[in-house]
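Trainee: Sequence:
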Amino acid sequence: MGLLTFGLNVTLDGCIDHTQGIVDDELHDYWTQLMEQSGAMLFGRNTYELMEGAWPAVARDEKAPRAMREWAQKLEAKAKYVVSGSRSKFPWQNTIKVEGDLREAISALKVKTAKGVLVGAPKLATALEELGLIDEYRIVVHPIISGRGPTLFHGLSSARHLELLSTQRFKSGVQALHFRRKAG
Numbered sequence: 049m050g051l052l053t054f055g056l057n058v059t060l061d062g063c064i065d066h067t068q069g070i071v072d073d074e075l076h077d078y079w080t081q082l083m084e085q086s087g088a089m090l091f092g093r094n095t096y097e098l099m100e101g102a103w104p105a106v107a108r109d110e111k112a113p114r115a116m117r118e119w120a121q122k123l124e125a126k127a128k129y130v131v132s133g134s135r136s137k138f139p140w141q142n143t144i145k146v147e148g149d150l151r152e153a154i155s156a157l158k159v160k161t162a163k164g165v166l167v168g169a170p171k172l173a174t175a176l177e178e179l180g181l182i183d184e185y186r187i188v189v190h191p192i193i194s195g196r197g198p199t200l201f202h203g204l205s206s207a208r209h210l211e212l213l214s215t216q217r218f219k220s221g222v223q224a225l226h227f228r229r230k231a232g
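Its first residue numbered 49, the sequence shown is counted upward by one per residue in the numbering used here.
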């Protein structure tokens, strides 16, 4: 059974707005490598639609920066699962709708995806965390104080205790933190 890993960029004050970070080749390379290590991607509808609206065009743009294009091309090829109650058709290649009970569907996805699943959707991650389904966390902290929201895991019913496995510092000052859910 593969692990379910939640990964996202956040500012120092917890803002998860994708426009509030430092975007460079080193960061794109980090996320590309993490995606390559996973067997599939998992999105909620909102995040999927943001990705679908941007990355297929970048994958085909020969003038796109190398790191962005490489991320986009590998994302195109990766299996993408989407949780949505309002959308049923997903024309972007390799996209599959998650059907049925969320706990059962994601548990089954973990079982069938030995390399694990990478989820990058904040609202969905909160729901998955409430169900106790997230095994690891890849949180990339940007040295920015945004002063606004939305924030990570807003509304979670109780505290979760994590174990820090590793850190990685980028030239830009960004810090990648790798956590695992603490046993017990």
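Derived by calculation from the structure, the hints in this document are not laboratory data.
Because the structure is a prediction, the values reported are computed rather than measured.
It cannot be assumed that every hint is accurate.
Claimed, not checked - Here are the simulated distance ranges between beta carbons:
| hint | residue 1 | residue 2 | range |
| --- | --- | --- | --- |
| 1 | G180 | L212 | 15 to 23 Å |
| 2 | H209 | K111 | 42 to 50 Å |
| 3 | T215 | N142 | 28 to 36 Å |
| 4 | R228 | D65 | 40 to 48 Å |
What the hints assert, rightly or not - Taking lysine-lysine pairs in the DSS-like style, the calculated list, with each CA pair at most 30 Å apart, reads:
| hint | residue 1 | residue 2 |
| --- | --- | --- |
| 5 | K128 | K145 |
| 6 | K122 | K219 |
| 7 | K145 | K126 |
| 8 | K219 | K163 |
| 9 | K111 | K219 |
| 10 | K126 | K160 |
| 11 | K219 | K126 |
| 12 | K160 | K171 |
| 13 | K128 | K171 |
| 14 | K171 | K145 |
| 15 | K160 | K111 |
Cβ atoms here follow ideal geometry from the backbone N, Cα and C, with glycine treated the same way.
Trainee: Taking only the CA atoms, is the gap from K122 to K219 under or equal to 30 Å?
Mentor: holds, 24 Å
Trainee: Can you confirm whether the C-alpha distance between K160 and K171 stays at or below 30 Å?
Mentor: Status holds; Cα separation ~24 Å.
Trainee: Determine whether the Cβ-Cβ distance between G180 and L212 falls within the hinted range of 15 to 23 Å.
Mentor: holds, 20 Å
Trainee: Against the 30 Å threshold, does the CA-CA distance of K111 and K219 hold or violate the hint?
Mentor: Holds: K111 and K219 sit about 25 Å apart, inside 30 Å.
Trainee: Please verify whether K171 and K145 have alpha carbons no more than 30 Å apart.
Mentor: holds, 17 Å
Trainee: Using the Cβ atoms, figure out if T215 sits within 28 to 36 Å of N142.
Mentor: holds, 32 Å
Trainee: Is it true that the CA of K126 sits at most 30 Å from the CA of K160?
Mentor: holds, 15 Å
Trainee: K128 and K145 were given as a pair; does the straight-line alpha-carbon distance stay at or below 30 Å?
Mentor: With Cα atoms ~8 Å apart, K128 and K145 stay inside 30 Å; holds.
Trainee: Starting from K145, check that the Cα of K126 is at most 30 Å away, please.
Mentor: holds, 14 Å
Trainee: So if I understand the rule, the pair passes when the alpha-carbon distance is 30 Å or less; does K219 with K163 pass?
Mentor: holds, 29 Å
Trainee: For the pair supplied as a hint, K160 and K111, is the alpha-carbon distance within the 30 Å limit?
Mentor: violated, 37 Å
Trainee: When you take the CB atoms of R228 and D65, is the distance between them in 40 to 48 Å?
Mentor: violated, 26 Å
The structure is inconsistent with the numbered hints 4 and 15, although it conforms to all the rest.
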